[in-house]
Amino acid sequence: GENVEQHPSTLSVQEGDSAVIKCTYSDSASNYFPWYKQELGKGPQLIIDIRSNVGEKKDQRIAVTLNKTAKHFSLHITETQPEDSAVYFCAASTVGTDSWGKFQFGAGTQVVVTP
Amino acid sequence: DTEVTQTPKHLVMGMTNKKSLKCEQHMGHRAMYWYKQKAKKPPELMFVYSYEKLSINESVPSRFSPECPNSSLLNLHLHALQPEDSALYLCASSTVSTNEKLFFGSGTQLSVL
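These protein sequence lines are chains F and A, in that order.
If you use the working numbering, the first sequence corresponds to residues 1 to 115, in order.
If you use the working numbering, the second sequence corresponds to residues 1 to 113, in order.
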């Protein structure tokens, strides 16, 4: 089955700096890679996603890159702000099969942005 | 309305109690999900409902009983739980056609004593 590794487990950055979180996956059939942000006391929120036919996607200060050959994908947050402090989960899934909600999540990265 | 609302936010129950968790969405989503999340871990899928019918049960013990009375509501009935069942229980919903894009509620923090 799919296995997703996520690094680092914790990340401390100064406000205004960039943050990068990296994930690797094992199943070459995986074709959908979402990133979820979970703030304290809240459920995960989808912040950006990428499909296997795209190499990069950007939405304002966040971007995701995918390297299918190396089986890794990364989340980039630029100009970090205190409200970016949260746990971030990467995930991999095979959309188009009976994948319903069956994401293989990474272990999560606790991001702390200090003013 | 893009919210998934879960009640209660917190629940403490004994091992002999029966309780229910409730989830509601008004986005017209016809797929709804229950996840379990232990502290500092990612969510784990428990159940999936599609068009109000149970389509996936991830080998969850029978002390957890899901119910989908209509297209907006999802319940999780709890009975004879164990202390190791203490966790955050998350409800999510999606459209059927884009079932990879999940909208999560804030969860019910359950403690079993």
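Be aware that one or more of the hints could be misleading.
Reference listing, derived: stretches of chain F covered by chain A, where coverage requires no fewer than 3 residues with Cβ under 8 Å from a Cβ of chain A [as the list claims (entries may be wrong)]:
(1) 10-21
(2) 41-52
Straight-line alpha carbon distances no greater than 30 Å define the calculated BS3-like cross-link-like pairs of lysine-lysine that follow [unchecked claim]:
(3) A:22 x A:9
(4) A:22 x F:57
(5) A:9 x F:57
(6) A:40 x F:37
(7) F:22 x A:22
These are computed hints drawn from the structure, not numbers from a lab.
A quick note: this is a predicted structure, and the numbers were derived from the prediction, not measured.
Virtual Cβ for every residue (Gly too), placed ideally from N, Cα, C.
Structure-based check of each hint:
1. 10-21: n = 0 at 8 Å, threshold three: violated.
2. 41-52: Coverage by chain A holds for the stretch 41-52 of chain F (7 residues, Cβ < 8 Å).
3. A:22 x A:9: 10 Å, holds
4. A:22 x F:57: 36 Å, violated
5. A:9 x F:57: 35 Å, violated
6. A:40 x F:37: At roughly 13 Å apart (the allowed maximum being 30 Å), residue 37 of chain F and residue 40 of chain A satisfy the hint.
7. F:22 x A:22: This hinted pair is violated, its Cα atoms lying about 35 Å apart.
The structure does not agree with the numbered hints 1, 4, 5, 7 stated previously, though it agrees with the rest.
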